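Keeping their order, the protein sequence lines are chains A and B.
So in this note's numbering, the last spot in the first sequence is 112, and the numbers never skip.
So in this note's numbering, the last spot in the second sequence is 109, and the numbers never skip.
Honestly, the hints are just simulated from the structure, not real lab data.
Being a predicted model, the structure only gives us computed values, none of them experimental.
Honestly, I wouldn't trust all of these hints.
[Said to hold, decoys possible] So, partial list: chain B residues that the calculated Cβ filter (under 8 angstroms) puts toward chain A:
no. : residue
1   : Ile43
2   : Thr95
3   : Pro96
4   : Lys101
No residue lacks a Cβ here, since even glycine has one placed at the ideal position from N, Cα and C.
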Amino acid sequence: DSGVTQTPKHLITATGQRVTLRCSPRSGDLSVYWYQQSLDQGLQFLIQYYNGEERAKGNILERFSAQQFPDLHSELNLSSLELGDSALYFCASSLTSVETQYFGPGTRLLVL
Amino acid sequence: KNEVEQSPQNLTAQEGEFITINCSYSVGISALHWLQQHPGGGIVSLFMLSSGKKKHGRLIATINIQEKHSSLHITASHPRDSAVYICAVTNSGNTPLVFGKGTRLSVIA
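Sequences and hints are given; from them, build the entire structure.
Here it is, written out as structure tokens:
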């Protein structure tokens, strides 16, 4: 158990819908990262927050947004969902940007 | 071309064999990570290293900064080592991890 929690574990929804994925980092960790893992693309970095502020942005679509709240939990919002958004979404946390990252169990999203 | 290349893509070994997985990268880095992804999907961080060698149990990770190459070794492999092993690099504290495509390892009893 990494200490990082993600909810929900599984999510099935339809195209055009909007979903919110939630992540609680390890106690004391200030950095939260979101990653997408699809079958054909492998793991890809989406976005990083550090102590409530956006720190780095990767190949995150405009339909996707995220935020980190004062209690350090983070949410990833995916809207206007398309079939290609079906993937595993991982959250990871670390104390600082240069420390080991601890991964949550992931949310498996299926868009039908 | 991916900045991080792993080899082999797939590897099947007999229990007890010594295993080596390789990772090459094309850019200067500040740290290299080895991750293990279990068949169920969960990801565990195995090592983060910027020079030399690290050991944890039967796992050893080495890095050669000049040659831009890292290896992950598993001694006395066991079926429970079956997983996908992923190499990732970062070139500073604030830049995101860039991942290799992973090496799928199957260890047969």
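Now the hints, each set against the structure:
Of the supplied interface hints, the one on Ile43/B holds, with its beta-carbon coming within about 4 angstroms of a beta-carbon of chain A, less than 8 angstroms. Hint status for Thr95/B: holds, given a least beta-carbon distance of 7 angstroms to chain A, under 8 angstroms. A hinted interface residue such as Pro96/B counts as satisfied when its beta carbon comes closer than 8 angstroms to some beta carbon of chain A; here the least separation is about 4 angstroms, so the hint holds. Of the supplied interface hints, the one on Lys101/B holds, with its beta-carbon coming within about 5 angstroms of a beta-carbon of chain A, less than 8 angstroms.
In summary, the structure agrees with every hint in the numbered list given earlier.
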